[in-house]
Every structure is written in structure tokens, then in C-alpha cells.
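Here's the letter readout for the chains.
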Amino acid sequence: MTQDNNAVGKPLSRLEGKAKVTGEAAYAGDYQVPNLLYGYVVNSTITKGKIVSIDVSDAKSYNGVIAIFTHENRPDYASLDLKHADMDAPPGKVFKPLQNGDIKFHGQPIALVVATDFETARYASTLVKIKYEEQPFETDLEKNLGRAREPKKGLATALKPPPPKPKGDFEKAYEQSPFKVSTEFIHGTEHHNPIELFATTVVYEGDGKLTIYDKTQGTVNNQVYVANVFGLHYKDVRVLAPYVGGAFGSGLRPQYQLFLCAMAALELKRNVRLTLERKQMFSFSHRPQAHQILKFSADKEGMVTGLSHAAIGETSLYEDNIEIVSSWSNRLYPAENTHFEYKLVPLCLHSPIDMRAPGGSTGMHAIECTMDELAFKLNVDPLEFRLRNYAEMDPESEKPFTSKALRECYIKGAEKFGWHQRNPIPGSMSKGNKLIGYGMASGIWDAYQFPARVEASISSQGKLLISNATTDIGTGTLTVMTQIAADEFGLSIQDVSFVYGDSKQPFSMFQGGSAITASTGVAIVVAAKALKKKLIKKVKALANSPFHVFQDDAIVFRGGKMMVKHEPSVSISLEEIIVANKGRAIKTTNMGKPHLLKLRKYSKATHSAAFVEVEIDRELKTINVTRAVTAVAAGKIINPKTARSQILGSMVWSLSKALREETILDSTLGKYMNPNLAEYHIPVHADVHDFDVVFVEEKDELINELGVKGVGEIGLIAMPAAITNAIFHATGKRIYKLPIHFDELLKDRIA
Amino acid sequence: MPRIQLNVNKRMYELEISPWVSLLDALRDRLNLTGTKKGCDHGQCGACTILCDGKRILSCMTLAIMKNGAEVVTIEGVSEGQKLHPLQQAFIDHDAFQCGYCTPGQICSAIGMLAEGKAKTREEVKDLMSGNLCRCGANIGIIDAIMEIHGGLSHE
Ligand code: FES
Ligand code: FES
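Listed in order, the protein sequences are those of chains A and B. FYI, the numbering for the first sequence is 1 to 751, going by UniProt numbering. FYI, the numbering for the second sequence is 1 to 156, going by UniProt numbering.
Hints listed in this document are in silico derivations from the structure and should not be mistaken for laboratory results. If you're wondering where the values come from, they're calculated on a predicted model, not measured in any experiment. It cannot be assumed that every hint is accurate.
Stated by the list, open to error - Here are the simulated EDC-like cross-link-like pairs (lysine to aspartate or glutamate), alpha carbons at most 20 Å apart as the crow flies: (1) A:K737 x A:E662; (2) A:K641 x B:D144; (3) A:K18 x B:D144; (4) A:K540 x A:D502; (5) B:K120 x B:D144; (6) B:K120 x A:E24; (7) B:K120 x A:D690; (8) A:K601 x A:D394; (9) B:K83 x A:E24; (10) A:K601 x A:E392; (11) A:K434 x B:E123; (12) A:K18 x B:E76; (13) A:K18 x B:D93; (14) A:K431 x B:E123; (15) A:K587 x A:D502; (16) B:K67 x A:E119; (17) A:K18 x B:E148; (18) A:K10 x B:D93.
From just these sequences and the hints, can you work out the full model?
Written as C-alpha cells, this is what we have:
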């Protein structure tokens, strides 16, 4: 590092900030396109069965309606399942919109109305008359636990391996342990609900060419999907998503509005926009229901002796969506006897899709509440209990971690929060009419890195240009990547441009799993290094170059110049290099990938610790999260400002998960009853109080070139359990179902 | 079709518009002012908040024809040319957004809220801003940004 390399680690404000506060930032449904047609989707009002007839005649003849697509008149598309399977498709048979008259879930898209304006399309959709033949269905996980089975295996299994094999003899150890706890947790459905509605604007470029503005977390994923499904050359499909109004996992897979909009544009040879309504946002992705049974035991020294965790999740009738729910305790607490299970129940619902901290936020809530209960039985402080059972090595793989600063998270978090002021007796702390509770919990998430390609070039103006197809869904990706590139080249932020959100740029996986900073970031480092090499070679080859007597490693880049480290007078500016190159840009494209061989000897994970204070009204039992601290160990933090926002956002999600959000399923009707933002509660400003974030120092020279691990999910892993544990501490009551409603606390009051 | 006149961001527009078009869709689809966002179309999220005759309103809950002759300010009209409104700058400084989708509504709502002059404390600001949802959870940054301006006002 030279003294110019100082962008990384700085709390830089988002580079796209101005575009976002002035309304300039254009999202998928905002693009101004000439002669635009508007679509509106008709969704199934039954849960399972068949369409007997679909009469579009009235709708079709309504003034302004251009076309109506149903399973009866839709254009041909690829029939092979494989062609519809996107990069994130779980094992099974992918859902194909308008394939036939079969209904697999409530809200399934069954027709698309295309009209000259939105209002006409919406009105005409009400004129489509559908007759159904209904069949019996099951949608409630709790009523179908008996049907749980092993998940199917497939490509996705590589990222989401099945639970680890058992160790020792769990039943015996549990039987013989002096301290034990058995718990059962129920988690209902949640919906991602980004504030931006899913939308696609397709520009028909003629000749089977499409330019698509789409709401997605994966431009390349959706490009390849559209090309495969409609038999286009992938080079003729360009998917752009420079601004994405939140997605939280819902944009990991191509959604039906993309399919329908592209189909209509190709068939009508027109530009088409399709924006879903809020209620339709409940018809294509959700966090699955889960049922978990845990049994943890400890000896009298407070060491964990046995861990058993069985989870049952929900999936659709057509795909096996897998989450990692029940494996996490095995990576946090060393125990000699373990047993883990994960099963699925197929139900008449659309496939779940990963939702922020998928599996982890569900499983760790159960694990960390069970640990709290065990600590209470042992009469040990919950934090002390974690410290006693601290895993120096990964108990699962029995390998060392590339880095693990969880202990620092515990210590720094507790200090900042004031954990030592906690009186261990439940219900013992109060303030006026309010009971006070303190709760804590640990968090763990994987540290993923995908292969990514980056093009790096010096433009004819001597500026650095970096490009990659990734999106920035609000994570700060644009800013962070610019910082990384600037430092690699010793340039100021103003002299670097990052081009992204475009499938035409070099390959990126979808933006998920907290992996993009490591994936694209590392590729930037690799490409920048290669570009520097290339520049050095070019300069050395120039006639009379003063550089050719120096070794490559004596040459550095800083302040827009290439120079000799110890003889800065020997220098040439980037602009001069380009002039010498006859004004042509110099570029290189390189791949960044995880060092699998080296990493095979290690385990890798991010960690966190959450501390929460709740205030609960003595009589009314209303619950308020008044304070919270989350301490995070996630390797190097490239931008503390945007990273803090990521964690704060996850803390608001934690509050939401523990106390607010739930999709209410009526299993008699087989449908979600609150598909709107008035009844699907998320925290409002008045709910969010004193939240704080601590990033602990975690140097990791093994994990990747940057030492980064990602911060998208880790903030949502620990805090829901910390809230639940704080509620116990305040009231003496354990609640095993999220979200926790205050009436649960009214049921039997403690004296 | 009814004809209406709208003054939007100090510019006069004449519109021929069906009665069923919301002010939000009129702005977005007819006037190409897409800075104002649709998050629910049902008055539940606040993303569509604009200023109409100086007051914050939900443009999705308003039919365009009801506002004939009104003076509308949308997010595109908040700054003075290239010069950002102090609240816009405060939003950038406090990282008061992530995806940015709720941001136009938050900013317009906050300008309206500050003009109402009812909120005196941080808690009151939070209450009176609670009609504007942020799914990214940028709540703390948003309120910090507003408080910076609120403080500035009350000290004048
Ligand atoms: S779009 Fe108007 S309140 Fe949500
Ligand atoms: S910044 Fe994304 S919804 Fe508020």
C-alpha cells in the first residue's frame, strides 16, 4: 500500500447519491420508451385445479386493448425444462408461465392483458372470465409435517449441502446430561416486499433483439433465461438493471413479469412494460414456513455435550427449494454428540426463494433461543455460556477458520451495550411502568465468493474504467467497487468509473448470499494487476523508455502516474501512455475466483453478536426494542458507511422478523390473506430506536485478495433471537413462534 | 376526455386525461416524471408522496382531475437547478437510503412535514414520518438527515 491507496476503509458517501435524491435514478419501470404498451397480469383465484374455460372476448374488444395472452393462444416457447431453469433454479421442474391450464398455486399468472395504457389494461383484466375446476390442496406446513421427506439433490446442493453426519451417540449423551433443553419453533411465511414493485420494460429492437430493463439481482441470469426460453441468441438479449429498488432475494430468479413482458414484446413486435401490483408481489417468492425441533444438553461445567436440530421446511409441488437451517450450531459450538436433519414438505404454494439470510435467520433464531434456555438452566450468564463453548476451530470441518473474531464481537458488543448491568433474574429490571429485558445471541453466516470477470481499461482520457455485470441493489456496490479499483491504481475516486448492472459487461453471478464484494471485488484486483502489467510492458517497449532498466516490481502507480518507487522522477502519466499508444484505450479482461485449493484447509465464516434491550409495558405487554448493538466480524470493511447501513438495515429486518412481519395463510382457502403493505407490517420510523453497529477488526489474509467476507446477511442472523431472549428476560416467558405478538404475553401473566 | 392544467415544478402542463388516472400515473406515464415512485398504489407506503399546493399528499390516492389548477412539486423540482435542497444533501451525508426507491417520497414527505411545523422532537418527527416505509431499513439515516435540517430550522 502506498500513501495514495486510501479509498478503501473510508466512509465514502454513495456515488449514486445525487441520482437517488433527485429522482434521476431510473428503475425498471421508469424508462422512457416510445410507443410503449402496458401489460396487466390476471392471476388465478383458486389454489389447485384446472382452467376449464377462459373467455377473453369482452376484454379483447374493449377499446385500447391490443392483445390478451393465455395458455390457449400463447406463442410457442422452449418446451424443455432445462431451457427454463435459471442459475438459481432448485432441483425439480421449473414453473413455466401459461404452460397449460393447470393451476399449481393461488395467484398463479394465467393471462396477460396488453393495452395502450395501464388503466385500460387493468380494467380489461377484470373482463376476462375464467371457469375453474378445483381440486383439494394442502398449504399449511404445520398440518402436513407427517409428509416431510428428504430434499431432492441437484446443482444447487453444491452451495447448500445437506446437514452434516451425526457424531457420537446423541440420544445417550442427551439422556445422561444433567442439563438439557428441548424446544420446538414455528416460523411462518414472510415476503420480501421490496418497496419497488417488480417491473420489466422491454424495448423491441427488431430482428429478435431485445433490450430489457428489469428488476433483478442477476442481469446475466435473466439474459440467458430469456434467450433460452424464447430461442434467441443470448447476444441479442441485453438486460439492464443499474438501479434496483431493493430485492432481498426476490430478484435472484427471473420472475413471471419478465417472461410475460418479453413474450408480449416479441409477439407484438412492440415495446412493452409490465409492472406488478403490490398484491401480486405475494405471488412469486417468499421465505418458507419452518418447523424446528431442538434438543441441546450440557454437563455441569456448562460445556455443551449434545446438539440435535431437526428442521422441516416448505416447498412447492414442482421444485425443492432448499435452505440451510439446521446445520449452524455445529459450526459454533463444539459438541461430541450431534444429530442434524432437514426435510421438506411440498405444498400448493409457489416455490420459496432465498430471502435475506435464508435458513440462517430461521435456524439461528431457534439455536440461539435454545442456548439461552440452556444457559438459564445452568444458571450461567448467556454470554459467559457462549464464551465457554467458543469454537477455536470449526467443529464441523475440524479445520481452522481463515479468521474468526467472534470473541471480539462478544466483548466489544457487550461493552458498548452495557451487558454487565444485567440482573440475571427475569422480570427483575424495570423502569417505571416498563419491564426491561436484556438479551443476546450469536450470529454466523458463510463467506461466499463466486467467480467473476472484470474488464479494466485506461480510457483515451487516461481514466480507469472497470466493468462487470453485477447489480447494486442498494448494497453500495458501485461505491465499494470504485474504492477498490481506485486503490489498486493509486487514483482518486473521480478518476475511476465502474460500469455495472448490464448483462453486456463481463460475467457476474446474481447478487446474493453476501458474495458480491468478494466476487467482483477480487476480480477487480486481478484485472487491475493484469492491466498494470500490460501498461508496464507497453511503456518499457517505447523507444528510449527510462523504465526498461527497472524491475516490474519497482514500478508503482499513483496519482494518475506510473513511476519508479524510489525514483519518482522517472514517471509517465496514464494520459501520456495512451498518447504513446496512439490514443487507443488499453484494456484487459480477467477472471477472479476463489482459491479453492488453498481454502480447502480452512473453514470460512462471518460472525456477529447482538445485544438487545426491550421495554415491555407491565399491563398491556406492548413490546418496544429500545436499544440494540450488533457487533460484526466480516473481514475487511471496504466502506464503513455503506457497510454500517447494511447492518442497520438488517437490524431493522431483525426487529421486523421478531415482532412485525408475517404473511397470514388461510389454509382453507389456500391463499395469503394480507397481501398488502397495510396488513403486512414492517417497522416504521417510529418503531426504530437506538441501534448501533460495531465492526471488529478481523484481518484475513487467507480468504481472498481483499480479505473481505460480505455484510448483507450477517446482521439478520443474531438479533431476532436476542430480541426473543430479551423478552424472556423481561417477562420470564419463552415464545417459540415468530413474530411475537404482545397478546402472547398477556395469556398468563407472571406475578 | 376532461382537460386539466397542472403546474408541475414551475412548468405549466395541459393534459387531456381520463377521470380514472391517478395523479401518480399522470406524473409518471403522461408527464414522464418518474422520480415519483409507486410502491403500493393504495396509500400504504408513501413512495408516491409529492407536494401539492405546499402540502404533502399521496399521489396514488389522488385522481389527476381533482387537482386541476394545482401547483405540484415532485422530487425533480425540489432542488434549485444543480443546487441540491439541503435535505437532499443531508440524505446523502447520512446515507439515508440504500436502494433509493423510497427516497423521493421520504424527501417530499419530510419537506411537507417540516412546513407543517408540528414536530418539535425527534420522536415527533419519527411519528409524523411513519407513513413513509423504507424496506431497506434506512430509518435511522432518514431521521438523522431530517433532524439535521429540523435543527437548522428551529435555530433560525
Ligand atoms: S404508492 Fe402511494 S402510498 Fe404507496
Ligand atoms: S432505501 Fe430502499 S426502500 Fe428505502
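The hints, checked one at a time:
no., hint, in the structure
1, A:K737 x A:E662, "11 Å, holds"
2, A:K641 x B:D144, "14 Å, holds"
3, A:K18 x B:D144, "18 Å, holds"
4, A:K540 x A:D502, "35 Å, violated"
5, B:K120 x B:D144, "14 Å, holds"
6, B:K120 x A:E24, "32 Å, violated"
7, B:K120 x A:D690, "19 Å, holds"
8, A:K601 x A:D394, "11 Å, holds"
9, B:K83 x A:E24, "14 Å, holds"
10, A:K601 x A:E392, "15 Å, holds"
11, A:K434 x B:E123, "18 Å, holds"
12, A:K18 x B:E76, "12 Å, holds"
13, A:K18 x B:D93, "11 Å, holds"
14, A:K431 x B:E123, "19 Å, holds"
15, A:K587 x A:D502, "19 Å, holds"
16, B:K67 x A:E119, "19 Å, holds"
17, A:K18 x B:E148, "18 Å, holds"
18, A:K10 x B:D93, "14 Å, holds"
Of the numbered hints stated above, those contradicted by the structure are hints 4 and 6, listed in ascending order.
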